[in-house]
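Undergrad: Chain by chain, the residues:
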Amino acid sequence: MQTWDAEWKPVPWDTARRARAVGLACRLDRHLEEAAAAATRAEARLAAALRQEVRQAVSANPGTEDLFAKLSALHEQLAYLPRLPLPAGIAGLLRDLLGPAWDGDVVVAGVPELRWPSLERVPARPVAVIPLAEARNPLMWPLVVLQGAAASGLSQRCEALDAALGAALAFARAEALFVADEPAARGWWRAGEQRLPRPEDGVSGTPWQLAAMLASGILISGYRRGGRVDPEASIYEQLAVVRDEPAEPADILTAGWIYWYNRTAAELVELADGLRSQEGAEERWARMRSLVDSLDDLLCRSLDVAAIHRFYAAEGAIR
Amino acid sequence: MILNERQILERLTHPDPEKRLVVTPILAPEQQFGPSSLDVRLGPDFKVVRTSRLTHLDPLKDPADIEADVSRYTENIVTQPGEPFVLHPGEFALASTLEFIRLPNDIAARLEGRSTWGRLGLEVHATAGFVDPGFSGALTFELKNSGQVPLPLYAGLRIAQLCFFLLSEPSQLPYAAKRYTKYAGRTGTVGSQYFKDPEYAALRAAARRAVGEAAGRTPTAEAARGTRSDVAGRER
Numbered sequence: 121m122q123t124w125d126a127e128w129k130p131v132p133w134d135t136a137r138r139a140r141a142v143g144l145a146c147r148l149d150r151h152l153e154e155a156a157a158a159a160t161r162a163e164a165r166l167a168a169a170l171r172q173e174v175r176q177a178v179s180a181n182p183g184t185e186d187l188f189a190k191l192s193a194l195h196e197q198l199a200y201l202p203r204l205p206l207p208a209g210i211a212g213l214l215r216d217l218l219g220p221a222w223d224g225d226v227v228v229a230g231v232p233e234l235r236w237p238s239l240e241r242v243p244a245r246p247v248a249v250i251p252l253a254e255a256r257n258p259l260m261w262p263l264v265v266l267q268g269a270a271a272s273g274l275s276q277r278c279e280a281l282d283a284a285l286g287a288a289l290a291f292a293r294a295e296a297l298f299v300a301d302e303p304a305a306r307g308w309w310r311a312g313e314q315r316l317p318r319p320e321d322g323v324s325g326t327p328w329q330l331a332a333m334l335a336s337g338i339l340i341s342g343y344r345r346g347g348r349v350d351p352e353a354s355i356y357e358q359l360a361v362v363r364d365e366p367a368e369p370a371d372i373l374t375a376g377w378i379y380w381y382n383r384t385a386a387e388l389v390e391l392a393d394g395l396r397s398q399e400g401a402e403e404r405w406a407r408m409r410s411l412v413d414s415l416d417d418l419l420c421r422s423l424d425v426a427a428i429h430r431f432y433a434a435e436g437a438i439r
Numbered sequence: 095m096i097l098n099e100r101q102i103l104e105r106l107t108h109p110d111p112e113k114r115l116v117v118t119p120i121l122a123p124e125q126q127f128g129p130s131s132l133d134v135r136l137g138p139d140f141k142v143v144r145t146s147r148l149t150h151l152d153p154l155k156d157p158a159d160i161e162a163d164v165s166r167y168t169e170n171i172v173t174q175p176g177e178p179f180v181l182h183p184g185e186f187a188l189a190s191t192l193e194f195i196r197l198p199n200d201i202a203a204r205l206e207g208r209s210t211w212g213r214l215g216l217e218v219h220a221t222a223g224f225v226d227p228g229f230s231g232a233l234t235f236e237l238k239n240s241g242q243v244p245l246p247l248y249a250g251l252r253i254a255q256l257c258f259f260l261l262s263e264p265s266q267l268p269y270a271a272k273r274y275t276k277y278a279g280r281t282g283t284v285g286s287q288y289f290k291d292p293e294y295a296a297l298r299a300a301a302r303r304a305v306g307e308a309a310g311r312t313p314t315a316e317a318a319r320g321t322r323s324d325v326a327g328r329e330r
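Same order as they appear, the protein sequences are chains H and X.
For what it's worth, the working numbering labels the leading residue of the first sequence as 121, then goes sequentially.
For what it's worth, the working numbering labels the leading residue of the second sequence as 95, then goes sequentially.
There's no promise every hint is true.
Per label pair, the in silico range of CB-to-CB distance [unchecked claim]:
1. H/Glu163 x X/Arg114: 27 to 33 Å
2. H/Ser336 x X/Gln266: 18 to 24 Å
3. X/Glu177 x H/Ala401: 49 to 55 Å
4. X/Gln287 x H/Ala193: 41 to 47 Å
5. X/Leu297 x H/Asp134: 45 to 51 Å
6. X/Val143 x H/Arg245: 33 to 39 Å
7. X/Arg114 x H/Gly394: 42 to 48 Å
8. X/Val143 x H/Ala401: 32 to 38 Å
9. X/Arg303 x H/Glu399: 44 to 50 Å
Derived by calculation from the structure, the hints in this document are not laboratory data.
Every residue gets a Cβ at the ideal spot worked out from N, C-alpha and C, and that includes glycine.
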């Protein structure tokens, strides 16, 4: 079991940018793997070849811009492969944040272009777009929420959403601009840091508590306020100490970013830097995929489970 | 020894992470705790097999091809809160617990149905209800409707319960530390990974040799694997 300090100790800027590119490579590899499984024989062969190219691109250890450009070119090839269903968590997140006014028919479409649309100029289309290989990356979903608001005619909510999503939205904006507009990305990164809750003010009930759970590999759908079990209390009062409260989606995503910048990004880049050596390369790549896949899956599941938890709490089935 | 409700609570709140039992989230402890059990809820994701294009599962194919076949024949359904998944009489589906569960190295568990649902004919597992010490992740339900009426199932319903057994001493081979595990750390519903059992690697090698001997030459990879085709015989 790994130890975890509740302290904001992000990776250096250049490492964060490189982790963005390497993380994309892992997510692209996963998308290709899953698309191949749903593909015809010819498509599956294309996907297998593209997976090789993704891995070679990372192994060659080019500069971050070059790696991103190579991945971007490979990402465009996803247009030739079967579409995969988007995770349910996206719809749950939109419902949670936009409420009943959200038009549930808004399609969140996957696009082969790797770059996210500029949120300053979200086009008035009836869809929100998401790069295909990023569909399983919940950390970037705040960018879908703002588009979803515009697509549902709820643009007036954008300011409130910006405030509600806080650091999670700011970091997602920074990541989307890491390569295309580095000065703007630095601005959003700083905004993200400023919007983080201060761990020194206490971690209980904050994303810091959730980040510590992530470090233990545990689902972060809820907060357990806990407290000590009083053996003199009635049995129901004793049992109440393990009641969980659903975590807000913004808290789950913020915890994900904290964990990414404090822990995963550095590990990922270190593993990627060692890929050039033939020895243990297979194992390194598997470890990289595992780091990224497990974080994405845990965050996605946490959003889903928290939405179900909130549903029963709102309907009065639980106290 | 089966743990009672106080012993389960003690392990859920244990200060030592190595001894702590993790079950999260617990939405309503007053509803979920029993005298010697803890109710668990249905998660939102289901897997069903579309049989109309399935002839059989061939475990001797290349694992990548089997994964492709399984993916093609399996439909993944994720329900939204308040939306039902209907399990019709005789149907089988995989699902998972809403809860994430981690067992310490000295506790095993058993997944059982609840009588409320048993009376309606719902079975929650097909012989695989035992959970090893050290397991971490969501537990898989092997759902079957043995009743006579369709059952609408909603994510969050308490359809099963866990009872916990204390080992006389901690396992030296907990699930998470085992060399061959296929389901550790998974957070959602996972289909069978039977073809990843090492025995099949040996069986595949033997099958390749047999093909080669029958043909009097070294088999090509394609011949050994067999052609991927659908029921109509169309090559994929």
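Undergrad: For each hint given before, does the structure comply? Return the numbers of the non-compliant ones in rising order.
TA: Violated hints: 1, 3, 4, 7 and 9; rest satisfied.
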